[in-house]
Amino acid sequence: MNGIVFDIQKFSIHDGPGIRTTVFLKGCPLRCLWCHNPESQERAAEISLIPSKCIGCGHCFHACPQGGHVMGEDGNRAFHRERCQRCGVCAEKCYAKALELIGREMTVEEVIAEVEKDKPFYETSGGGMTVSGGEPLFQFEFTLALLQEAKRRGLHTCIETSGFAPFERLEQIRPLVDLFLYDYKETDPARHQEYTGAPREVIVDNLIRLDQLGAKTILRCPIIPGLNARADHFAGIAAMANRLHNILEVNLMPYHPLGQSKSERIGKPAPMDDVTFPEAATVAAWEATVAAATRVPVKKGS
Amino acid sequence: MHNLREELHAYYTPLRLDRIAENAVYVARRDAIFAAMDAYETANPDTHPYLLKARLHEEIARRSEPVIFRHSPFFFELGVRPAECWGAPTEWAPASWMLCRRNPRVQQTERMRWIHHFRSRNDKSPVKLWNIWDVFDYDHHCLAYTRLLDVGVNGILREIAEEQSPDNSPEKAAFLEAAARGCHALLTLAGRFAERAGAMLQTEADPRVHRNLERMAASAAHVPAHPPRTFYEGLAMLWFLREATASLEDIGISVLGHVDRLLIGLYRADLAAGRLDESEARDLLARWMLPTDIKFHVDDNPWPETSTCMELGGCDADGAPVYNELTRMILDVHREHGMINPKPNCRISAASAEDYLRQIAATTLGGHNNFALINDDVLIPAFLRAGKTLAEARLYVNGGCQEPMVEGVEHSAGAFYYFNLARAFDLSLRPVEHAAGQEIIPEAEQHLPEPLTAKADFETFYQDALTRIQALIRLGADWVRELGQRTWEIQPCPLFSASLADCLSSGKDYTAGGARYNPSGICLVGFATVIDSLAVIRRAVFDEKWLSLDELNQALAANWKGYEALRARIVALPKFGHDEPVTNALARRLAADLGGFVRLLENERGGNFQASLFVYYFFRWSGVDVRATPDGRGCGELLSQGVAPARLHPPEHLTDVFRTLTHIDFADLPGNSVVDIQLPAGGVLQPAELVALIRAFVCLNGPTLQLNCVSPAVLREAQGSPERHRDLIVRISGLSARFVALTKDVQDEIISRTMMVT
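So the sequence lines, in the order shown, correspond to chains A and B. Under the working numbering, the residue at position 162 of the first sequence is numbered 162, and the numbers go up by one with no gaps. Position in the second sequence (first residue = 1) + 1000 = the working numbering.
Any given hint could turn out to be false.
Dumping the calculated DSBU-like pairs for lysine-lysine here, alpha-carbon to alpha-carbon at most 30 Å [as the list claims (entries may be wrong)]: (1) A:Lys262 x A:Lys93; (2) A:Lys97 x A:Lys268; (3) B:Lys1124 x A:Lys93; (4) A:Lys299 x A:Lys216; (5) A:Lys151 x A:Lys119; (6) A:Lys53 x B:Lys1744; (7) B:Lys1124 x B:Lys1561; (8) A:Lys262 x A:Lys299; (9) A:Lys97 x A:Lys53; (10) A:Lys97 x B:Lys1561; (11) B:Lys1124 x A:Lys97; (12) A:Lys53 x A:Lys268; (13) A:Lys119 x A:Lys216; (14) A:Lys53 x B:Lys1124; (15) A:Lys97 x A:Lys151; (16) A:Lys119 x A:Lys268; (17) A:Lys53 x B:Lys1545; (18) A:Lys93 x B:Lys1561; (19) B:Lys1561 x B:Lys1455; (20) A:Lys93 x B:Lys1455; (21) A:Lys268 x A:Lys93; (22) A:Lys117 x A:Lys216; (23) A:Lys97 x A:Lys216; (24) A:Lys119 x A:Lys93.
Selected chain A positions facing chain B (Cβ under 10 Å, derived; list incomplete) [claimed, not checked]: (25) Gln9; (26) Gly18; (27) Gly56; (28) His80; (29) Arg81; (30) Cys84; (31) Gly88; (32) Val89; (33) Lys93; (34) Lys97; (35) Leu101; (36) Asp118; (37) Pro120; (38) Glu123; (39) Gly127; (40) Ser302.
What the hints contain is simulated information worked out from the structure, not anything from laboratory work. Idealized CB from N, CA, C, for every residue including glycine.
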C-alpha cells in the first residue's frame, strides 16, 4: 500500500499529546484561503523553488528533460513551470536545496519504520503518531492501513482532519484513533463554502456522529482576522463544543502567514497576502470570549 | 543579601586581575612570602620538595590575613589570591612560589618548546594542533569531602600518625611530615578566623552581624578539625576547605562537593532539633553561593570562567537516589537570586524523580541556562570499565565544567590537553604550510604525517588516516609524560593528597602517582567534523567515485573557491547527527578506535589517559586553525562542538541527534562527552515535554546534556539595549554568562546556533 507523503515531522509537540511524529499526507479536497500548507493541497508531487538558495551551479539546466530550467535573458535562472512534468530529477541534482520535490510515494512499512524510530520519545512523553495533511481521509486506504499498522505496534494515534469525507471513513478509523484533532473552521454555512470551498453541513454532521460513537476529540479552530474572527463564530465554536460529549479541549489556532511564502515556492498565488500575525492580546481576547461560553477548556493552539 | 553584595564588591574590586598590580598591600604580602621562601630555600637547599611545600603552607598560614565579611556567616577569604582566581596557578598568588621558581625548568626545555610549537593560539606556530598549556592539569580537582566531613582534619592527622614509622622510606617520611604540616596549616588558618571573629564580637553592635560572628567564632574552632555538627557547619566546612586548600596548594579545587548528598543528614537533624528552619536554611545557602558571582564580577565579565561547581542529584555510595528537600532548595535559591555560580552539575538517570527533572526543566525553560545534566547510567558503567569499584563510581562528581572524577580516590586531570582532531585530519590530507614570520622547528615538525594518498578502498584509507591521527595524539601524550614526571618536585600538594585514598599508605604525593587511580584526560576537538569528512570521502571518492582525492584536495586548497557546486553537493550529504547508517557506523567506530587507543597511553603518574568528547570553546578558538575540511566546512570556520552535530548541515529533527548518540558507546569514554542543544525560550516547549526529552536522552544512553533556552529575537534586542536585559543568562559551553557582558563575536556565535526546535 503506497501513499503520497510530503513530510514526516519528528518531535512534533503541537499535534496531540506528548512528543509525536506527524505524517503529512498530500492532497486535500478543501481550498481554505488561509491554508498554511498550500503544498499539501494537490495530491500530485510538486516542485518547490527557493531562489535565494540557488548557487547558480546550472545542474538543473542539464537535468530537466523538458528544458524547464533555463538561463533567462536577464542573466538570471528561470523556471518554466508550464513545461514541468514534476519528475523531480532537477531536485535530485540540486544540492543547494533550492529545488525540492514535495511529495513522494512511500509504503506503510516505510512510514511506520520512520515513525517507530522515535518510540523512546513517545514512551517518555505519552506521545505517538499523528496523521495529518492535506486531508488524511483523502488518501483513505493508505491512512486506514497506516493506522492499523500503528495500532498493531502499540502506538498512540491521532488524526488531524477537516472531517470532509463520507462518514463511513470516519466510522472505520474510529477504533484505530485515540484522539481526533477535528477542524471547525466556520459557523456560517455560506462563509464556510466561500472560505474553504466545501459545504459545512457534512463536516458538522460527521463531527456529531463521531461524538455519538464515543470518539475523543479536540476541536481545532483556525481564527483568521477579517474572516472568521467574529463574535458569531466564537459563539458558534462554544455552542458546538457544548454539544459534544467526548470533547477534551477547544484549541484556537491564530492565523499565521507562513503559507504565503510556501505558495510562492510552488508557483501559486497566495490567496491572502495582506494578513499578518494577530497580537497576543487579541488572541487572549478570543480565548476569553470562547471560554466564557463553554464548559470545555479553551487553549491557544499552534 | 544586599549588604553582603556591597561588602563583597568593595573587597574584591581592588583584587581584580586588572588592578592587582597597583594593590600595594596585596603585592607586598605576596612578595614577603616569596622572599621568605627564597631565603628558606637558599638556607636549606637540599629540602625535599614535599617539605618545601609544607614550609610554604606554613608561611601562608602565618602571613595571610583572614578576612571576615560581616554579613556572611562563612569564613573563607585569606587575601592571598586575586578575585578571579579559583586556585589554578597565577603568579599573583603566594602559593605559586614553588611553581614560579621551578616551572621554568620545564618551560625552558627543548621538549616544551616543541609542545609550544604545536600549540594553538601561538602566532608563530604553523602547526596549531593542540592546546597543552602545561604538562600537568593544575585545575579540575575535588577534595575528598565525604571522608573529610566524616573524620575531620584531625581524623586525617590520626591516619598520618598511624602511617609514620622509622621503617618508612625517606620519601614516605617526607610526604607524611609534609601532609601533617599542611593539615596543621589548615587548622592554624581556621583558628585565626575563630580568633578574629571573637575579637570583632567585642565591638559589634548590629545583632545580625553579631550572630554571624558568634557562629564563626564557635565553628571555626571546631571545623574543619572535627566533623560538622550542624548544617551551617557543614556548609562552612565545605567552603573553607575548598578556599583554604586552593590558597595553600595553588591548584584549582573545582568542586564544592556533592552538596545534597553530603549535607542532607545535618539539615534534617537541625530541623528535627528545632535549630534551623527552612527560611534560615535558604538564607544560609544564598550567602554560601553568592561570593563566586561577585568575585568573578559576572555582571560585566566577558568570560566569567569560575571553575566552581556543585554536584547535585545522582545517587549515594549504595546506589540510593539523591534527591531531597535540599536539592530542591539549592536549585530554587540559585534560580531565585539569578546566580550563575556555583555551576550546578546535576546528575540524572533513569531512576531520577519526576519532580527533580521537572524543576530542572522549568528552571531551564525560564531562561536559567546553567545546567550540565550528566547521565549516571553512562558515567557509572564508564568508571566501572575503567577499573573502579561500584561504590567508588557512584560517588563521581564533575568539576571545572563537566570533567568527571571519582571523589576521594583520584585527580583525573580532565582538561589540560585539548587535541584538535580536525586539524590532525587536515594535516593528514595536506602538508603543513609556513606563513611569513612563523617559526620552523624541523626536529618537531618531522613528526607530522606524510599526506594521505589515494587508496584502493575506504577501509585502507580509514586505517591510514586513523594511524596518522593516533600518532599525533601519542606524540602529545609522550611529550607531556616525559616532562610531567617532574611535577612532583615542582608542584607537590601534600595537603590535597593527604585525604586522597592511598596517598598516605603509598607515602607519595598524588603528583607522583600516590593516589588509588591516576588517569589523565585528552579532550578530542572536532569529532563530528572528522566523521562528516570521512563520510564524504567514503561516499564521493570510494563508493560512488564521483570525486578523486586529488580534486578534493584542490578544492580544499582553494577553500572551495571555484568549487561552489561541489561544495553544495558535499554539504547536502548525510552528516553525523542525522541518524544515518553510514555516519552512525563511522562515529561508533572512530569513538571506539580513539577511546581504545587513548586508554593504552600511559601518563606520568603510572596511570593512563582517557579520551573525552567535550571541547569547552575550542570548537571556535581552534576552528580558526583548521583549513577547509572535506565536509564542506570553509577555512577557519567553526568545528563541531563536543559530541554535537556540526552546524553546516544540521539535522532536521532534535530526535535524530539523540538517536545518533545511541550508536556511540559512551561508557567507553570515562572522560565524559557533552552535547549542547539550543532550544527556543518563550513557551514553545512545556516543562513536561522537556522532562520527556531529558528522559529520552537518558534512556538512549546520551552522556551529558547542556541546554540553552533562548529567543534569538530577544538576544538581538539585548545587543541593542543591554541595559534592559542585564539578567539574561546563556550557556556558552561548560560555563554560563550574562549575555550582555559577552563580546559581540561570542554573542553572535550564540545567536547563530542551530535552533533544534522551531
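Checklist entry - Which numbered hints are broken by the structure, listed smallest first? => result Hints 3, 11, 14, 15, 16, 23, 24, 28, 29, 30, 31, 32, 35 contradicted; others consistent.
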